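2 protein chains.
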Amino acid sequence: MQALGRQILVEFYKCNPDILKDVRKIEKFMLEACVIAKATIVRHTFHEFSPFGVSGVVVIAESHVAIHTWPEYNYAAVDIFTCGESIDPWVIFKYLEEKFESQQSSNMEMKRGLFELKDKKLLHKPELVVNDG
Amino acid sequence: MQALGRQILVEFYKCNPDILKDVRKIEKFMLEACVIAKATIVRHTFHEFSPFGVSGVVVIAESHVAIHTWPEYNYAAVDIFTCGESIDPWVIFKYLEEKFESQQSSNMEMKRGLFELKDKKLLHKPELVVNDG
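Those protein sequence lines, which keep their order, are chains A and B. Under this note's numbering, the residues of the first sequence are numbered 1 to 133, in order. Under this note's numbering, the residues of the second sequence are numbered 1 to 133, in order.
What the hints contain is simulated information worked out from the structure, not anything from laboratory work. All the pointers check out, no bait thrown in.
Note that identical chains are pooled: a pair holds if it fits in a single copy or bridges any two copies.
Lysine-lysine pairs mimicking PhoX-like chemistry, simulated, CA-CA at most 25 Å apart: (1) K111 to K94; (2) K111 to K21; (3) K14 to K111; (4) K14 to K99; (5) K21 to K94.
Being a predicted model, the structure only gives us computed values, none of them experimental.
Take these sequences, add in the hints, and give me the full structure.
In structure tokens, the structure reads:
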């Protein structure tokens, strides 16, 4: 059995709202997180909403890292989708947790694209692990 | 209780591999899906990998739609992340299912950023619904 990808869905609560409002800082931290995790950055796009809130995505050779922030709730939703064994998505998680000054977070790790190797028979249910921290 | 966002994680199996290899078609279908769902497209970026496989993201005012394709497995992973009540993520799901000619799919719908409205007390566990089709 093989999963083509893994995805960590992160809820960063109790963040520093000034950081969550700052599109340039968020872009910088997201790109730095990818570099530290040794991901290969392909493209990235970040956008600031009015009155506040940031959305952004870094497309990496190993899939993507996406963020949406709600500064008014001190909350950011982050998705870290990776494939292959070359990078560790938890490095990205840890880096962003620190930079956003998140005092509470929860996450789910999903396996995406599950196949049996021999006959490529697929399994219907994605696997799920829930962590609350 | 209020969820700031909802996210549908879709596994599109048994797709047409020629479509999954074609970055221009995928970009077109993803953008069309967003338009049909009345999403507001903010930015988009698509990338073709060698020897094949496509990654792409459409950032919408209502969050994002992301895709990664593995044509060799006839498989595409799609994430549809929306906030607000103005658009229906299942419209995007249905459109892409048809355009990729997916003969089998499964999905999970997640609620992201759960808060109680009165005191903004957060709930630790994201809610999860699994559908196999």
